[in-house]
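> Here is what each chain is made of, one letter per residue.
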Amino acid sequence: MKMKSLVAAACMALAGTAALADGHGGKLKVGMITTLSGGGAGLGIDVRDGFLLAAKGSDMLDIVIEDDQQKPDIAVQLADKMIQSEKVDVLTGIIWSNLAMAVVPSATAQGKFYLSPNAGPSALAGQGCSPLYFNVAWQNDAFYEAGGLWANDNDIEKVFLMAPNYPAGIDGMTGFKRTFEGEIVNEVYTKLGQTDYAAEIAQIRASDADTVYFFLPGGMGISFMKQWAGSGVDKNVMGPAFSFDQGILGAIGEAALGVKNTAHWAKDLDVPGNAEFVQAFQDEYGRLPSLYAAQGYDTALLLMSAMGKADVNDQDAFQAALKEADFQSVRGDFAFADNHHPIQDIYMREVVKEGDVVTNKIIGVAASDHSDVYGAECKM
Amino acid sequence: MRRETILNTLLYLAMPVAAALALALDEPFLITLITRAAIFALAAVGLNLALGLGGLVSLGHAAFFGIGGYAMGILAHHAQTYTPVIDSWIVLEGTKSMPVIWLVAIVSSALAALAIGALSLRTSGVYFIMITLAFGQMFYYFAISWPAYGGEDGLSIYVRNDFPGLNTLDPMQFFALVFAILSAVLWWMGRLARAPFGLALSAARQNAERVETVGLGPFRLRLVAFVISGAVTGLAGALFADLNRFVSPTMFSWQMSGEFIVFIVLGGVGRLFGPVAGAMLFVLLEHLLSPVSDFWLIYVGAILLLVVLFARGGLIGSLAGREVAHG
Amino acid sequence: MTPILLIEQVLNGLQSGITLFLMAAGLTLIFGVMGLINLAHGSLYMVGAFAAAAVAGWTGSFVLALGAALAAAAAAGMIIEMVVIRRLYDRDHLDQVLATFALILIFSEGTRWVFGSFPLYLDVPAALSGPVTLPGGILYPSYRLLIIVIGLLIALGLFQLIARTRIGIQIRAGESDREMIAALGVDISRLYTIVFALGAALAGLAGALVGAIQSVQVGMGEPVLILAFVVIVIGGIGSIKGALVGALLVGLTDTLGGVLLPLLFGLFMDPSSATTIGSALASMSIYILMALVLLFRPTGLYGGA
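Line by line, the protein sequences give chains R, V and S. When we follow my numbering, the leftmost residue of the first sequence carries the number 63, and every step to the right adds one. When we follow my numbering, the leftmost residue of the second sequence carries the number 732, and every step to the right adds one. When we follow my numbering, the leftmost residue of the third sequence carries the number 726, and every step to the right adds one.
Think of the hints as simulated: they come from the structure by calculation, not from any bench. Only a predicted model underlies this, so the values are computations on that prediction, with no experimental measurement involved. Just so it is clear, CB atoms sit at the ideal spot from N, CA and C, and this is done for glycine as well. Careful, some of the hints might be misleading.
Pulled a few chain R residues facing chain S out of the computed Cβ check, cut under 10 Å [stated by the list, open to error]: (1) SER99; (2) VAL250; (3) TYR251; (4) ALA261; (5) GLY283; (6) GLN289; (7) GLY294.
I would like the entire structure built from these sequences, with the hints used as guidance.
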């Protein structure tokens, strides 16, 4: 560490004057902190790949990427490193709400822009909002609120709720209950990381619910869906897209067919630029893009759109440029509300089989021009 | 001077010298990194009293680290939001004062260590390893599912807490504070190891029956060691939370306990400066290897395996010779 | 809660206990015979699941997949025994914990390197994909019944192996007196390799069986590993019988705790805090069980002094 940094520091001292005089000359330094190792790596890799795909062929961005291992303390440390040593202008990349809560407030307090490509905790949309923080993905509640709205319109009356017992899970269910007008038969909060859902499935079977609505990210959702298929229980299944994304559907297989899930994007969404994005992503990486990849892609597009309008060193101007959201999102219409969180359509998708591939297909709009409920608490 | 003493002196000086260099070169992040190593070292120095001297392989020390962290998080959170911690027959206010926070962290982790130790020390060997792991997991799941203080999201403290006369947000001043604490604890541990208490504890590790026959209860010796050990790790937890301005249940995770053991073994078991060397080496590896490859943990695993299999005295043992001198 | 639902939950608890037993049996055997704590046992579970997923993907046969899981885990076990573990038998527990902790890192990231970061696909065979109706009108997934049956058969087989076969006699002798059996001319290093490979194969089988109804992903072994340790500590380290009893206790506590505790708290609390507190306590319940057992029996239920 010492030797390497000595060398680095020496180089920097030599290059120092040049770098300063350069004043970024149309280039902008982005620090990406995301999860690239461990069990949650799939999401971070997709965000990174989507971002890099959008930035490819452009020399506007100078990108530094680091792995946070899904640990908050590492993420904080990397943020310090990027701000203090790498002197980045903009931070992005974090996947998880708890890591975002650890990094974003102090990064914006130090005068850095942060563009969230995934997490959207309510605190950052409400009282903790910041002029320098832009959420390019969604506020955490969005998919759930849209799910509740869709259920109201589609004769769903009695719902069984299930989520892991941690803040994102409880917030998600609260979001669903906020819009859903029917009856909540039961709410079950499972252990985080739980892999066996036999007990919960038995409870669901015994209940008189017509629909199960659940949020179980990653491996938890895979386990639940496989076991659900084997149980023979015949009820509707709904949830946010996180449990039915491309990376996960491959592992669940046909057991997921027919499940309804809400998202702001799908690969068959018919908006300008989306088909090209899906094709380019497949050509580049040899797999179908996920919604995380789409978010990473949009994040880079947003950033580059603002660079054309303002200099990052002029914070007010750059902030205004970002706020305009003058880019062609692969989600279609996209705008920022006053708390810098998205106003966008949320779609209902159904899991279908296309040839040999299990994937999602859009079946309708669940919520148009949806924005979050926390904006009123945001004073900036 | 013995080679180990020279080595210890060099190790001890490496941190402030590196920090001063980083300051001179205007690389504040390096100071933060060194501070992180110093705090990990402190936590492992605490564990080393139980593990190295007492032979108590605790795979649950993250519990104390987390308690220290949450002591800081909860007090500072209440001070930040101007709400009292307890508001019933007694009113307890939050605080942003580091000395008060440290005291609370030390006392609460010592109490937890007393309870856990009193129960766990009835067992020995693998059972002890596993029961301490179980207690750690209890705290972990409790912290994740208890909503009052953020659950898995943890608690953010936006500004570092205060220490009279210092600007703690300045990386160098905060490092100096941590280093002073680490030095004081190292000095105390060195004395403790040579004091009758340390000698008896060490003797109990080697031969419990013999200590019993001379009238010293190994259970009480070990319990005292375990409590001191937990308290030091708790203090490190409070500092770690302040370094990151953030606490979360990952501080309670069993991987954290595992990492403390890794620091001790990398550096050299039962050596006063072993944890210091191990923590520095680990933070260095983490910093150097993670940019090399997405799969850098493979290299960490391989290095660790080689150290355990072939370099039995750890870093200090390999450099200073085999004989283990406590102190 | 209806009696039928309760019976179904008890079955679920049994099934999760039986899968835990497959993990715990190998762990406890290895500890009993060689005195080794193997944290990498969860990695062998993962190896089994990944091998099964890969072979099922190529051939479409679940039976072949199970065979592959057994073979791959046994082979991986044999290799790490000969390369690493063998050097750890006469070390203290600390070195064993550390070295096998390092093996976890190598296995996890190595698997991610080979198979990528996304979970793999592995499904139950079509013939077993639905539920069956048990007496009393209980609908129960047939695959889970199969797991219970396989687990019980293996438990029976292990008891027979240890009680009646030549290798079983050597294992028992090894547990009670290590020098003795070397003196009797048993090739001890071969015995150790066999026992380790046997434990590994059981873990691999568990991984493949469970992988079909859970997620086959990197890191899947660690949560099970910790549970398996809880099991053998409760049962008494080295005891196969203890592993069986401990596994069933843990499986039942975990399953029934998750269902019953929120209901229990619901009797005197408002529903939403009852679910939160009940679930929080349920996730700690097996660790509380373990602490209680060790308080009254510091060497577990069937452990020797």
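> Each hint: holds or not?
Here is what the structure says about each hint:
1. SER99: Hint holds; R:SER99 Cβ to chain S Cβ min 7 Å, cut 10 Å.
2. VAL250: holds, 7 Å
3. TYR251: holds, 5 Å
4. ALA261: holds, 5 Å
5. GLY283: holds, 8 Å
6. GLN289: Given a least distance of 5 Å, the restraint on R:GLN289 holds.
7. GLY294: holds, 4 Å
The structure fails none of the hints (numbered hints given earlier).
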